[in-house]
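Peer 1: From just these sequences and the hints, can you work out the full model?
2 protein chains.
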Amino acid sequence: MTNKDDLRPNEQTVTLAPASDASLRFIGKIRTPWRSRQQCPRQGQIDGPECQLVLDLVWHEALRGLEAYEMIEVLYWLDRSRRDLVLQSPKSDGQTFGTFALRSPVRPNPIGTALVRLERIEAGTVYVRGLDCLDGTPLIDIKPDRCAFSPKAPPKPAAIIPR
Amino acid sequence: MTNKDDLRPNEQTVTLAPASDASLRFIGKIRTPWRSRQQCPRQGQIDGPECQLVLDLVWHEALRGLEAYEMIEVLYWLDRSRRDLVLQSPKSDGQTFGTFALRSPVRPNPIGTALVRLERIEAGTVYVRGLDCLDGTPLIDIKPDRCAFSPKAPPKPAAIIPR
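Top line first, the protein sequences correspond to chains A and B.
Residue numbers are given in the working numbering: position 58 of the first sequence equals residue 41, and the series is strictly consecutive.
Residue numbers are given in the working numbering: position 88 of the second sequence equals residue 71, and the series is strictly consecutive.
Rather than coming from a laboratory, the hints here were simulated on the basis of the structure.
One thing to keep in mind: the hints can contain errors.
Same chains, same label: a pair holds when it works inside one copy or across any pair of copies.
Pairs of lysine to aspartate or glutamate residues, derived as EDC-like cross-links and limited to a Cα-Cα distance of at most 20 Å, are as follows [claimed, not checked]:
hint: 1; residue 1: Lys74; residue 2: Glu(-6)
hint: 2; residue 1: Lys74; residue 2: Glu53
hint: 3; residue 1: Lys74; residue 2: Glu44
hint: 4; residue 1: Lys12; residue 2: Asp67
hint: 5; residue 1: Lys12; residue 2: Asp115
hint: 6; residue 1: Lys12; residue 2: Glu44
hint: 7; residue 1: Lys74; residue 2: Glu102
hint: 8; residue 1: Lys12; residue 2: Glu33
hint: 9; residue 1: Lys12; residue 2: Asp62
hint: 10; residue 1: Lys12; residue 2: Glu105
hint: 11; residue 1: Lys12; residue 2: Glu(-6)
hint: 12; residue 1: Lys12; residue 2: Asp76
hint: 13; residue 1: Lys74; residue 2: Asp118
hint: 14; residue 1: Lys74; residue 2: Glu105
Bear in mind the structure is a predicted one, so any value in this text is a computation, not a measurement.
Peer 2: See the structure below:
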């Protein structure tokens, strides 16, 4: 996806030095039913198919207490996207928008964010609904929804380590 | 913030190889009224003080069309946070939670996300309300709010480049 041939009418690239301001560490992988971009829904639906956030072993403990939330935020790395477009023509219809006026995967830092419904957590895997990304997408972060400072239930005893 | 002395009761770290799965390129800086963590509000308020997203020159064009949205999502890099905690005791009250059950800045990939109100855009600077981060925080991304597929107004002529 870094080939000039991929450009649509009126799209504009910039020349950039290599990205080197900060480094990410993937924390796991996302499993979804979608194996190609064409299959991916335009936007995830809360009643869509169940997907899995498969955490690397080292992070399993870090899920403790997440089960109290109904809605969680997921950050992931859109690893197939070019990063040098400032103007994009998403529909190839002559309309062109700045990259930051779009939720396109093509952006200087191709991080996707999704708000998903938490179904359950089993052995380091978080089952959710509401994603729209490709199967195998690298996982970056999981957080409770920022609006969900009202958890669906009081924190469970299992979520608390006594002194 | 990588000193063992920073740990609170029951907090747990893991040993990690250097982060090297993907690299970020900062796109600008965030200006806020807060110069220390103690000054930062716990959560940004939509009617809070005006803050600025100051884009690097190369990305100014990428803002085109963003003015049509009332609410936008901002991603930023919490550059002072340690990244090796799996369990955290945010209030030092004996309650301990997994990192992914918190919106703490301390996480394997310290990316903050905020939903903010767009006030105006002037010369590559986006004026917003609703942030809670430190002055000088590196900016990673700006997107229209995922719920705002209903822009506040039809795209303006300035947002469209004719064929």
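Peer 1: Looking back at the numbered hints, which does the structure fail to meet, lowest number first?
Peer 2: 2, 7, 11, 12, 13, 14
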